[in-house]
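Please put together the full structure from these sequences, using the hints given.
Protein chains: 2
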Amino acid sequence: MPAIFKAHLQKFITLTNAEFQAILPYFETITVKKKENLLTEGQICRTNFFVLQGCLRKFFINEKGVEQTTEFAPETWWMTDNMAYEFQRPTEFFIQAIEKSEVLTIHHTAQQELLKQFPVMERYFRFIYQRAYAAAQMRIKYLYGMSKEAFYHNFNDKQPAFVQRIPQYLLASFLGITPEYLSEIRSKKRS
Amino acid sequence: MPAIFKAHLQKFITLTNAEFQAILPYFETITVKKKENLLTEGQICRTNFFVLQGCLRKFFINEKGVEQTTEFAPETWWMTDNMAYEFQRPTEFFIQAIEKSEVLTIHHTAQQELLKQFPVMERYFRFIYQRAYAAAQMRIKYLYGMSKEAFYHNFNDKQPAFVQRIPQYLLASFLGITPEYLSEIRSKKRS
Numbered sequence: 001m002p003a004i005f006k007a008h009l010q011k012f013i014t015l016t017n018a019e020f021q022a023i024l025p026y027f028e029t030i031t032v033k034k035k036e037n038l039l040t041e042g043q044i045c046r047t048n049f050f051v052l053q054g055c056l057r058k059f060f061i062n063e064k065g066v067e068q069t070t071e072f073a074p075e076t077w078w079m080t081d082n083m084a085y086e087f088q089r090p091t092e093f094f095i096q097a098i099e100k101s102e103v104l105t106i107h108h109t110a111q112q113e114l115l116k117q118f119p120v121m122e123r124y125f126r127f128i129y130q131r132a133y134a135a136a137q138m139r140i141k142y143l144y145g146m147s148k149e150a151f152y153h154n155f156n157d158k159q160p161a162f163v164q165r166i167p168q169y170l171l172a173s174f175l176g177i178t179p180e181y182l183s184e185i186r187s188k189k190r191s
Numbered sequence: 001m002p003a004i005f006k007a008h009l010q011k012f013i014t015l016t017n018a019e020f021q022a023i024l025p026y027f028e029t030i031t032v033k034k035k036e037n038l039l040t041e042g043q044i045c046r047t048n049f050f051v052l053q054g055c056l057r058k059f060f061i062n063e064k065g066v067e068q069t070t071e072f073a074p075e076t077w078w079m080t081d082n083m084a085y086e087f088q089r090p091t092e093f094f095i096q097a098i099e100k101s102e103v104l105t106i107h108h109t110a111q112q113e114l115l116k117q118f119p120v121m122e123r124y125f126r127f128i129y130q131r132a133y134a135a136a137q138m139r140i141k142y143l144y145g146m147s148k149e150a151f152y153h154n155f156n157d158k159q160p161a162f163v164q165r166i167p168q169y170l171l172a173s174f175l176g177i178t179p180e181y182l183s184e185i186r187s188k189k190r191s
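Residue numbers (full-length UniProt numbering), protein chains in the order written: chain A, 1 to 191; chain B, 1 to 191.
No lab work stands behind these hints: they were computed from the structure. Computed from a prediction, not measured in an experiment: that's the story for all the values here. Certain hints may be false.
Note: identical chains are not told apart, hence a pair may lie in one copy or across any two.
To be verified - Listed next, the in silico DSS-like pairs over lysine-lysine satisfying Cα-Cα at most 25 Å (straight line):
hint : residue 1 : residue 2
1    : Lys188    : Lys64
2    : Lys158    : Lys188
3    : Lys6      : Lys100
4    : Lys116    : Lys6
5    : Lys33     : Lys116
Given below as structure tokens:
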């Protein structure tokens, strides 16, 4: 499992094997079952999650009492509630495994210490946050300017394998539509 | 003017005066007039902007041909189209000064070089992107789960001075409503 993380790190930074071995103890590997929560609304968000295998989703309970999915994290993606994590505050989100998953976790204090001891990790996380921020800015553009139908086609064009992989009701939740309307959009495309 | 940037950097990193003087030549200070564009749809996005004085906004032209404002950058905020900037691609956005503004600019190549020569700037930009990403995640949550009215009150509660500062039609555009509906929400609050 560390091999996945090492290969991922090496996309962004140069790291000797000794450095990688020294970095590993800052992390813990856990296995979570399908539908198991890694974070629950109201908890102080103390952990950052990196998916080695499987897939996580982030959601909140909206005013109608319905789960609203805002994000997915498949392999080699990080996920946490970044605002609650940085300021060690209670979260408004849930993070849940949508498949049986293997996850690398790092505690907030350990991440601070890692950055202090290994400045090269500043570069790594600068890349991670920079790209995540850029992707979030595009999401905001889509949420403002795109119809739900166009949002589906855009997501399907960019991530066809992923759209096949996730349950239809979660994809509908992410798109902000009902599963029935999603079926309708899909059958229109096929016709 | 450099004093504003120095004070801002020192919130995140420790920098000697000599280091700060060595960093400054990577940047250029420009003055832009009200309504002047710093970035135009279709251009390769080569520049990152840091507001010393004034305020910028980012917008795109939506399917109805209307300007949709997605972001504001007042003093000490960075702004660019991060996706287009990182991959040096044409942008889908405009960046425009909403007041006469003084802006520190850095070219993409210069920023890469700065990060290489001054690794402490990796830490600085890691913080900047981390916080911007966290804020964008909260924006996404609001866009999914909050009524336009609640979004206005939330924004007004958190940034009352800023809400007073920006023109009403731009605030309406940011909220995704008409100026008329914004007036209605505001008068309801007053009653």
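Okay, the hints, checked on the actual structure:
Proximity of lysine 188 and lysine 64 under a CA criterion of 25 Å is satisfied inter-copy only: 23 Å between copies versus 29 Å inside one chain copy. For the homomeric pair lysine 158 and lysine 188, the shortest alpha-carbon distance inside one copy (19 Å) is at most 25 Å, but the shortest distance between copies (43 Å) is not. In this homomeric assembly, lysine 6 and lysine 100 come within 25 Å of each other (Cα to Cα) only inside a single copy, at 22 Å, whereas the closest approach across copies is 48 Å. Taking CA atoms no more than 25 Å apart as the test, lysine 116 paired with lysine 6 passes in both settings, with 20 Å inside one copy and 22 Å between copies.
In this assembly of identical chains, lysine 33 and lysine 116 lie within 25 Å of each other by CA distance neither inside one copy nor across copies; the values are 33 Å within and 42 Å between.
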